[in-house]
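Participant: Okay, here's what each chain looks like letter by letter:
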Amino acid sequence: MNGEVCQLKELDVEYFEIREVLRCILHTIFFHRALGLVRPKDIDLELFEITYHTHHCRLALRKIAENSYMYVQCGDAELEKKVDEKIDQFIDKVEKHPNKKNQICLSFFEVKNKQQTWFTNKVEHLYWEHWYINLNVAQHPKAHSGKSHHSKLVVDPGESASEERNARRATLESSLHEVLFQIIKFVNEKKDHIPPIPSMEGVSFPYEIIISSSSDSAFGMDMFKRMLQTGHPTMLS
Amino acid sequence: MAVNPHSEPAKMEQIITEFFAKSLHIILESRCPYVSSRNYSGDQIMHSPSSSASSSSSMRPRDKWFNLTLRDCPAALENIDFWRQSNLEPMVVDVVLVQRSHNWDYGSTSPRLALERNLSSKERFPFVWKSDSDEFGCDGNSEKIIERWVVQYESKKGCKEVCSGSKRSSSNSSHALYKKSILLLRSLYVTVRLLPAYKIFREINSSGQIRTFSLIHRVSSSVEPLLRRDEAEMQQFMFAPVDTSCGKLCISLSYLPSISDATSESSTPMSPQFIPDYVGSPLADPLKRLPSVPMPQYSPSSSPFGRRHSWSYDTSIASPPSALPSPSPTYSESRTSYSKFGSHRPPTSSRYPLETAQVHTKDTGYDEYLPSPNFSPSPSPSPPMYLPGSNMLKVLLRSDSAPVYIPTSRLGDAPVSSSKTGLPFSPPLRATRPSLSLVERSSSILQSATTAGKLLSLREEDIARPSGVKISGPFVVDDDDMMDPGSRPGSSDRSGNLGTPHERIGPSTPRKSQDAAVGALVQMLKKAPPLRQDLSRSQNVCKPSRPESSCNQIQDPAVVEVGSSSMASSRVKTTSDALEELKAYMDVKQLLLRQSGKS
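Quick mapping for you: the protein sequence lines, in order, are chains A and B. Number 143 in the working numbering belongs to position 143 of the first sequence; there are no gaps in the numbering. Number 88 in the working numbering belongs to position 88 of the second sequence; there are no gaps in the numbering.
To be clear, the hints were calculated from the coordinates, so they are not data collected in a lab. Among the hints, erroneous ones may be present.
What the hints assert, rightly or not - A short, non-exhaustive set of chain A residues, derived as facing chain B with CB atoms under 7 Å:
hint, residue
1, His32
2, Leu35
3, Gly36
4, Leu37
5, Arg39
6, Met70
7, Val72
8, Leu180
9, Ile184
10, Val187
11, Asn188
12, Glu189
13, Lys191
Quick caveat, the model's predicted, so the values are computed rather than measured. All C-beta atoms, glycine included, are put in the ideal place defined by N, C-alpha and C.
Turn these sequences into a full structure, and let the hints guide you.
Facilitator: As structure tokens, this is what we get:
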């Protein structure tokens with residue numbers, strides 16, 4: 001497979017955290033790849049506020065700034081919509097296949113001129129970068145719709161449960177922090193592989209998001225398809 | 001030599017200059033708290049304007065540089081102009097956390113912006129720019145550098161020869177430089193928001209908050225060495241430099257990884273923290289405390305008394321028996337309220353002498369003595385109504401340490417029928433009466449009391465003269481009963497004991513002469529162990545009690561109980577105590593005579 005690959009650190013998340021975590025990571029990556037004119041938007045990660053809202057017994061009103069995590073969006077509405085759609089698909093897949101390691105692959109490619117080959121008629125996508133977001137979704141009863149990030153999940157108000165939840169939240173926050181810095185380092189270190197900017201609007205480069213899981217039979221197929229599209233290095237002249 | 005503005009070197013020079021400006025803008029935008037006087041609102045600042053990039057028409061040309069439109073940051077805009085001079089000098093931006101001193105004026109919240117430009121060539125740029133306010137003046141404020149950003153362009157030697165190379169390579173060079181600068185600034189934008197200082201920045205900008213700390217920044221062109229201890233605390237982060245043909249653009253960062261302790265202690269909470277599952281205070285649920293207070297706690301100086309108090313019965317009984325006389329509800333009511341709010345504490349009113357606690361039996365059998373678990377094990381003494389002379393009553397009436405209720409108002413009436421249960425309480429004097437019901441005890445005690453009351457219509461002289469007549473029956477207090485109440489038999493025995501006096505005092509028992517009663521009393525006084533000092537004090541306290549019928553009725557049982565308990569527990573009794581007691585008895589006698597005279 002061509003292109004630079006960045007395997008992000010695996011995150012342990014719960015169902016209601018999937019959306020915000022994925023939004024944070026994906027938009028951070030896109031912000032580094034939307035090299036056209038952008039007006040960045042700072043988004044508070046409502047992830048950790050959710051725990052407070054569902055913490056109906058130990059509800060503490062806290063400052064948003066103190067607890068919130070934030071990420072940056074390009075400010076492209078179209079991109080936001082596409083990202084949310086993919087996240088919905090991911091959540092559906094996770095619900096259907098629980099207890100699996102799930103992965104989202106964000107790939108940037110170049111559209112190459114159509115190459116007539118014997119196995120494909122598609123426009124060739126020349127992938128130059130792959131981002132693998134690995135999520136380990138904890139087993140949890142589906143008490144809410146995954147599409148709503150303001151979960152109504154009623155959490156056990158036990159003291160030990162809240163402490164455990166706080167510890168887990170802190171761990172997730174720290175891990176998410178690491179992942180974001182991982183992205184920053186990767187972006188900083190590898191710049192030469194980025195092709196010329198085709199578009200100055202929104203996300204400058206074409207991309208695709210593929211959802212896969214470790215046990216997914218299509219997982220390998222997606223990889224194979226990608227290989228076919230990109231072509232084996234030896235096949236390219 | 002005139003520089004072609006469209007030449008490659010000029011372009012690169014411009015890119016580098018704008019790079020400095022943009023990086024400063026990015027840093028200060030997220031580190032310089034907003035000044036209220038500049039009509040900034042939190043919402044306006046915290047969220048970007050329209051996300052649509054199509055509103056580029058409102059953007060200034062500088063905003064489009066590096067394809068990154070930022071929010072207005074006056075501090076950055078004011079500082080940037082100073083850096084247009086030279087790209088060869090580093091730009092050092094120190095983000096300083098200022099802790100306010102105690103004498104800080106809370107009326108003003110705008111931070112001080114200080115721009116210091118310490119160039120080696122100070123003569124050319126010898127200025128220091130400060131903002132208007134000095135709230136964060138150096139007086140008493142502690143400053144700590146929490147971040148240090150260094151943006152610099154390191155030119156390569158022999159750069160000029162390279163830049164004058166082919167046009168194609170130069171354009172590629174500037175293009176590449178520009179593209180990589182975009183990437184670098186994007187990373188910078190994200191990074192500044194991941195650092196701890198950003199949280200402080202947001203805290204400061206949050207509305208309606210007065211804080212004892214703030215952020216200021218200093219922009220300089222020389223790297224002043226940090227204190228060794230500060231430098232040791234800081235972590236380093238370096239962005240990948242952007243290589244150009246003539247040099248490389250670098251951004252490096254030194255930051256404190258943890259600065260929460262500085263802000264968490266000094267900041268006031270934005271909003272109260274609710275603790276919904278607050279367990280509650282004693283006032284909220286005072287009844288909770290009652291069962292947990294042990295008896296010994298109440299009377300530390302004396303042997304622990306295990307006897308529960310009569311009013312504990314009342315608290316648990318929803319309504320007294322209908323046969324209870326009128327005074328009793330009053331008393332029970334008062335005692336109920338008392339026991340509800342800290343009955344573990346000794347009563348302090350004159351009607352509730354402290355000493356009464358010490359007359360109780362040992363607590364070893366206290367729990368057993370409780371007739372029912374509903375009765376709150378109040379450690380407070382039995383109805384501490386103490387009437388002078390009532391000890392005599394207790395002595396006379398005590399058969400099995402049963403409390404005696406003397407409804408003095410009824411003494412003049414017909415003998416109280418045994419069916420009347422005038423006792424609003426029946427404080428157990430013994431430790432072994434767990435199952436006797438209140439009504440049962442009240443009736444039996446009342447019978448004893450009424451009989452005793454009749455016996456106690458004494459003349460003064462009768463009291464003083466030990467008749468030597470022994471009173472048998474229920475009013476003879478066994479020494480065993482007095483000495484060791486804990487050895488009392490169980491409830492059944494207790495009731496039996498009560499029944500016994502009843503039987504003895506029954507209609508078949510002739511009315512004993514007053515002289516005999518007095519004599520018996522004197523006998524008991526002689527045998528009785530000395531009262532304690534505090535008990536005598538209680539006697540003195542209760543002396544001025546009002547001679548009202550209700551009071552007497554309420555007090556008498558308590559007195560009886562106290563007296564009997566005292567005899568059971570106290571061993572030392574001085575002569576003066578006895579004399580005082582005798583005097584009390586005489587007062588009682590007078591009272592009784594008066595009342596009997598009225599009726």
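Participant: Determine for every hint whether it applies to the structure shown.
Facilitator: Structure-based check of all given hints:
no.: 1; hint: His32; result: 5 Å, holds
no.: 2; hint: Leu35; result: 5 Å, holds
no.: 3; hint: Gly36; result: 6 Å, holds
no.: 4; hint: Leu37; result: 4 Å, holds
no.: 5; hint: Arg39; result: 4 Å, holds
no.: 6; hint: Met70; result: 6 Å, holds
no.: 7; hint: Val72; result: 6 Å, holds
no.: 8; hint: Leu180; result: 6 Å, holds
no.: 9; hint: Ile184; result: 5 Å, holds
no.: 10; hint: Val187; result: 5 Å, holds
no.: 11; hint: Asn188; result: 4 Å, holds
no.: 12; hint: Glu189; result: 5 Å, holds
no.: 13; hint: Lys191; result: 5 Å, holds
Checked against the numbered hints listed earlier, the structure breaks none of them; every hint is satisfied.
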